[in-house]
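Given only the sequences and the hints, what does the whole structure look like? Please build it.
Each chain is listed here by its residues.
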Amino acid sequence: MQGEGGSFMITLSKDLIQITREQDVVTLRNRVKELAVKIGMSLLGQTKLITAASELVRNMLRYAGGGTVTLEVVLGDKVTGVRLTFADEGPGIADIGLAMQDGYTTGKSLGLGLPGAKRLVNEFSITSEVGKGTTVTVIRWKNGL
Amino acid sequence: MQSEVTKFLEKNKQSILTQWMTNLAEDHILREELMSNEKSRQQSEELLLAVLKVIASDNFKNTESQEHESVSDIISEVSIYRARQGFTPRETATYVLSLKQTLAEVLDKKFAGDARLLYESARELNQLLDSLSITTFETFIKGREEVIMRQTDEISEISTPVIQVWEGVVALPIIGTLDSMRTQTVMESLLQEIVATGSSIAILDISGVPAVDSLVAQHLIKTVSATRLMGAECIISGIRPEIAQTIVHLGIDLSNIKTKTTLASALKLAFQMLNLEVRKGERK
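One line per chain: the protein sequences are A and B, in this order. Our numbering applies: residue 66 is where the first sequence begins, and numbers increase by one. Our numbering applies: residue 21 is where the second sequence begins, and numbers increase by one.
Wrong hints could be hidden among the right ones.
Straight-line alpha carbon distances no greater than 20 Å define the calculated DMTMM-like cross-link-like pairs of lysine to aspartate or glutamate that follow [to be verified]: (1) 98(A) - 199(B); (2) 98(A) - 262(B); (3) 73(B) - 89(B); (4) 183(A) - 273(B); (5) 73(B) - 30(B); (6) 59(B) - 97(B); (7) 120(B) - 65(B); (8) 79(A) - 188(A); (9) 183(A) - 262(B); (10) 27(B) - 144(B); (11) 278(B) - 262(B); (12) 129(B) - 111(B); (13) 129(B) - 273(B); (14) 103(A) - 262(B); (15) 173(A) - 273(B); (16) 207(A) - 65(B); (17) 173(A) - 78(B); (18) 33(B) - 128(B); (19) 27(B) - 78(B).
Think of the hints as simulated: they come from the structure by calculation, not from any bench.
Written as structure tokens, this is what we have:
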């Protein structure tokens, strides 16, 4: 599998969680924490990853009514990391550039979910098609800043 | 059902009950520590009598008849009782299904010669008891859900205690996740307590909040604004280093809010704001 920088990446473990209700946010956070602790991420790293996951999963619930989260432990360039993929079949995002701007929201939130999550992880990619859904993939490396 | 079968069952109900209780004891699901044998026997008798009444009635096939309803009521009662006493789902299901087994055994002994009759009766009995086991399953889960709901209520109540730490200062330690529902409860109890105690400073302690994302931050900001509208000042304490860095990276602006790392330093700030001075007294 190709990583974002074109480097080789191996998936060490893979797990799926279905998100349908607000309570699932807590379940997901706990699972993400488990993985982060397992690969030995620092407390700061854990908190950042958990918060990013929390933002993205709330977006999924709010705008798409739910979706699927794939949790993976990946081995990149000599370092392990946690990769989370948030896939929904919601309305999609018309202008990703706009959605990634601080303070932009179509709801009543602070508008920090997507751009904030991006700042909390090491790799971030988003694809979206109007009417089809949105997929966000994030990676946080064990030793990431 | 054939009348000779119903008559036979009616006549032998006491021995059927004994047989059933023996079967239950053999399967080790009487669980005397959860429920006395006497109570067990009494419940079983009630259930057996209701089942026999359904079998004997003319409208056996009509599942909405009065007889069916009364047996459903009894089985619901039994299941909920067992759920509360702490029986496992398996034990409760086995309890009902063992009646089916017992009746089959009894009929088998008596009508072994008449295969057709035996088959017909067994089939009808199966149908009835299967539907009863489904009811058991449903009500058992309902019983457990009630327990969970009650605990959820209790948790949300105990998790939002507002404490008066000083005259004019109330503190509210928040533990766990702040979702919309919790925020509502937190805000309500905080505002009420501010009025009740006439406090002018409220300290929100988030030491026990595992992660502060933008939604939680938004809820906090709303609570602070509401407190200010009540004429009180709000201090947020318990911001751990990793939470502080995460908030900065997220881009949440909390600069308008007074924040402190510990509850103690928040209290100190509150004293300053109230022009109070705390110092060591001289020993007399």
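Structure-based check of all given hints:
Restraint check for residue 98(A) and residue 199(B): the C-alpha separation of about 19 Å stays at or below 20 Å, so the hint holds. Distance hint between residue 98(A) and residue 262(B) is fulfilled; the C-alpha atoms sit about 14 Å from each other, no more than 20 Å. Of the supplied pair hints, the one linking residue 73(B) and residue 89(B) holds, its CA atoms being roughly 11 Å apart against a limit of 20 Å. A hinted pair counts as satisfied when its Cα atoms are at most 20 Å apart, and residue 183(A) with residue 273(B) qualifies at roughly 17 Å.
Distance restraint check for residue 73(B) and residue 30(B): the Cα-Cα separation of roughly 9 Å lies within the 20 Å cut-off, and the hinted pair is therefore satisfied. A distance of roughly 13 Å separates the Cα atoms of residue 59(B) and residue 97(B); the hinted pair therefore holds under the 20 Å criterion. For the given pair, residue 120(B) sits about 14 Å from residue 65(B) by alpha-carbon distance, which is consistent with the 20 Å threshold. With a C-alpha separation of about 18 Å, the suggested pair residue 79(A) and residue 188(A) falls inside the 20 Å cut-off, and the hint holds.
For the hint pairing residue 183(A) with residue 262(B), the CA-to-CA distance comes to about 17 Å; that is within 20 Å, so the pair holds. Our distance criterion of 20 Å between C-alpha atoms is met by residue 27(B) and residue 144(B), whose separation comes to about 16 Å. Simply put, residue 278(B) and residue 262(B) have alpha-carbon atoms about 18 Å apart, close enough for the 20 Å limit, and the pair holds. Taking the CA atoms of residue 129(B) and residue 111(B), the gap is near 27 Å; set against the 20 Å cutoff, the hint is violated.
Straight-line distance between C-alpha atoms of residue 129(B) and residue 273(B) comes to about 81 Å, which puts the hinted pair past the 20 Å bound. Proximity of residue 103(A) to residue 262(B) is assessed by CA-CA distance (about 19 Å); at most 20 Å being required, the pair is judged to hold. Distance check on the hinted pair: residue 173(A) and residue 273(B) sit about 16 Å apart at the alpha-carbon level, within 20 Å; holds. Of the supplied pair hints, the one linking residue 207(A) and residue 65(B) is violated, its CA atoms being roughly 64 Å apart against a limit of 20 Å.
For the hint linking residue 173(A) to residue 78(B), the alpha-carbon distance of about 63 Å lies beyond 20 Å, and the restraint is violated. Between the alpha carbons of residue 33(B) and residue 128(B) the distance comes to roughly 15 Å, so the proposed pair stays at or under 20 Å and holds. Under the criterion of a C-alpha separation no larger than 20 Å, the hint pairing residue 27(B) with residue 78(B) is consistent with the structure, at around 13 Å.
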